[in-house]
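Construct all of the structure, not just a fragment, from the sequences and the given hints.
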Amino acid sequence: MLTAADWTAFGLTLRLALVSTVILLLLGTPLAWHLANTRRPWRPVLEALVSLPLVLPPTVLGFYLLILMSPTGPLGRFMEMVGGQPLAFSFAGLVIGSVVYSMPFVVQPIRDAFMGVGREPLEAAATLGAGPWDRFWTVVLPLSRRGFLTAATLGFAHTLGEFGVVLMIGGNIPGKTQVVSIAIYDHVEALDYARAHWLAGTLLAVSFGLLLMVHLVNRRWSGVRP
Amino acid sequence: MSLSIALKLARPGGFTLDVELDLPATGWTTILGPSGCGKTTLLRGVAGLEPDATGCVVLGDRNLQDDDQGTRIPCHQRRLGYVFQDGALFPHLTVAGNFAYARRRAADQGLTVQQDELLDLLDLGPLMDRHPQRLSGGERQRVALARALLAAPTMLLLDEPLASLDRPSRRAIYPYLERLHHWLKLPVLHVTHDLEEAARLGDTLVLMDGGRVQAHGRLGEILTQPPPGLAMGSEACAVIEGTVTESDDTDHLVTVSHGHGQFLVPDSGLPVGSPVRIRVMARDVSLAMEAPRLSSILNVLPAQVIDMHEEGAARVLVRLALGETVLLAAVTRRSALALDLAPGRDIYAQIKSLALL
Chain A
0 MLTAADWTAF GLTLRLALVS TVILLLLGTP LAWHLANTRR PWRPVLEALV
50 SLPLVLPPTV LGFYLLILMS PTGPLGRFME MVGGQPLAFS FAGLVIGSVV
100 YSMPFVVQPI RDAFMGVGRE PLEAAATLGA GPWDRFWTVV LPLSRRGFLT
150 AATLGFAHTL GEFGVVLMIG GNIPGKTQVV SIAIYDHVEA LDYARAHWLA
200 GTLLAVSFGL LLMVHLVNRR WSGVRP
Chain B
0 MSLSIALKLA RPGGFTLDVE LDLPATGWTT ILGPSGCGKT TLLRGVAGLE
50 PDATGCVVLG DRNLQDDDQG TRIPCHQRRL GYVFQDGALF PHLTVAGNFA
100 YARRRAADQG LTVQQDELLD LLDLGPLMDR HPQRLSGGER QRVALARALL
150 AAPTMLLLDE PLASLDRPSR RAIYPYLERL HHWLKLPVLH VTHDLEEAAR
200 LGDTLVLMDG GRVQAHGRLG EILTQPPPGL AMGSEACAVI EGTVTESDDT
250 DHLVTVSHGH GQFLVPDSGL PVGSPVRIRV MARDVSLAME APRLSSILNV
300 LPAQVIDMHE EGAARVLVRL ALGETVLLAA VTRRSALALD LAPGRDIYAQ
350 IKSLALL
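If you read the protein sequences in the order shown, they are chains A and B. For the first sequence, the positions run 0 to 225 when numbering that gives the first Met the number 0 is used. For the second sequence, the positions run 0 to 356 when numbering that gives the first Met the number 0 is used.
Just so you know, not all the hints are guaranteed correct.
[Unchecked claim] Every beta carbon over 10 Å from chain A, so not counted as near; a handful from chain B, in silico: (1) L20; (2) P90; (3) L263.
[To be verified] Derived list of chain A stretches under chain B, where covered just means 3 residues or more per stretch with a C-beta under 8 Å from a C-beta of chain B: (4) 117-125; (5) 158-165.
No lab work stands behind these hints, which were simulated from the structure alone. C-beta atoms are modelled at their ideal positions from N, C-alpha and C, and glycine is treated no differently.
In structure tokens, the structure reads:
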């Protein structure tokens, strides 16, 4: 069975995934819109940057983030200047790490969805008197909702399963930065396979359930749009 | 009201659009030209959909664009109804939802259109709950037309609205367009590459090629004017406006009078008094020195040669005057020599077939 410490790790993991997903969507949407529409020369550079976390070992990413966030790093110094808490080994630091790490999983589906909307419905909306924001809310968003669902789920699920980056910048502080994946690692290290099983099994079930839901909803929505 | 356009645009591939045009912004204006001639780009420029098109667009007293003064009203504020080639209906909304989208934005500016009457006119009642994917091509274009009009535009722009339809569905839409045109009293700017469409619908004709306007004026005159009006090749034709004055029920023929004469045309069910347009292809008109006494050809009319235009090596296009009406006849150079055709010569035009548009 799950112990109180395991439940704490679970709560923390879910909170991290939720907060990260919200931030990912808020940042990823304008970024994806820019990537889908710009013809500027920096577009490939930006695309490569966003996709970097796909190929980099999480330890490399975590290492650089740790340096940025350390009290002598630029981000750490900035936080100290504005009188904030230090980021390294804190929940806020974990959120920053998760956002960077999961960004490609959010930006790519949204960008593809934006590109799939095409020019024509937007032009039609403009000729009917809809301004740019109006067009975004009433045409772009409804026509790319599958992309958003995929993005949100992938972002959430990917953050749930994150390990390396968290370990590098968050450490393993129970109740503060200890997420499920790290708790599992601890249990295995301590040869407590029973508790590892419970945690791992639950994470597996939750992740599978989430992905299954996405595919079911996508199948339902695909009837509305070819 | 008038529409004056002066637009320039250069594309990377080498295409340039350079158009200066003053049009009456009343009635139906058709822009006709081969594909790639820039007619759609011109229409998009008027609508404000081509950011790279620079110059000037003035509709009546509204300055839609004047790049010298830095004025450029964005597309969504120009209030020009636009019907795209394949409709561009919103796939996530039903037909009713598409209509509501247009109406709501018009209502925000205090404008309304009689929706019920419009839907009746276009027979759209039964389609309201459908999604665009479940409409036929013809239905889709009718919905697109209604949607554009429900936004209460000051002018209607049609971008090859019938090009994606097969000929029967195209023919089925013409009456709707005509009814709409009479009902609306809204100026229409219509782009097409199809001469039949232009001949049927247009009052004013603009001929375009290679990004430039070749000629423009009243449809009947432009089609029979010396090049480029005549430069339609095998499609060269004259369009004559007339009225049905008699109908013969035994032979199913109607008489169409056009001021200086009459034509006999197969009856298509039009009542006496209807205004009609007749298209006479140049290739369907032959010439004779004397009126044949017995012939299967019903329409043989005395005419006078205005002038002749060589078309390639073997063909001559002859312009004929039937009173003030101009007709075209395509004959071979050898026949022209044999008949000794010359301006002013009296001759008989035998019209093998004519089409009621």
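The hints, checked one at a time:
Every CB of chain A is more than 10 Å from the CB of L20 (chain B) (nearest about 21 Å), matching its label as outside the interface. Under the 10 Å C-beta cut-off, the non-interface status given to P90 (chain B) relative to chain A is violated; the minimum distance is some 5 Å. With a minimum CB-CB distance of about 45 Å to chain A, L263 (chain B) clears the 10 Å threshold, and the non-interface call stands. Check result for the segment 117-125 of chain A against chain B: holds, 6 residues qualifying (beta carbon to beta carbon below 8 Å, three or more required).
Against chain B, the segment 158-165 of chain A contributes 0 residues with a C-beta closer than 8 Å to a partner C-beta. That does not satisfy the three-residue criterion, and the hint is violated.
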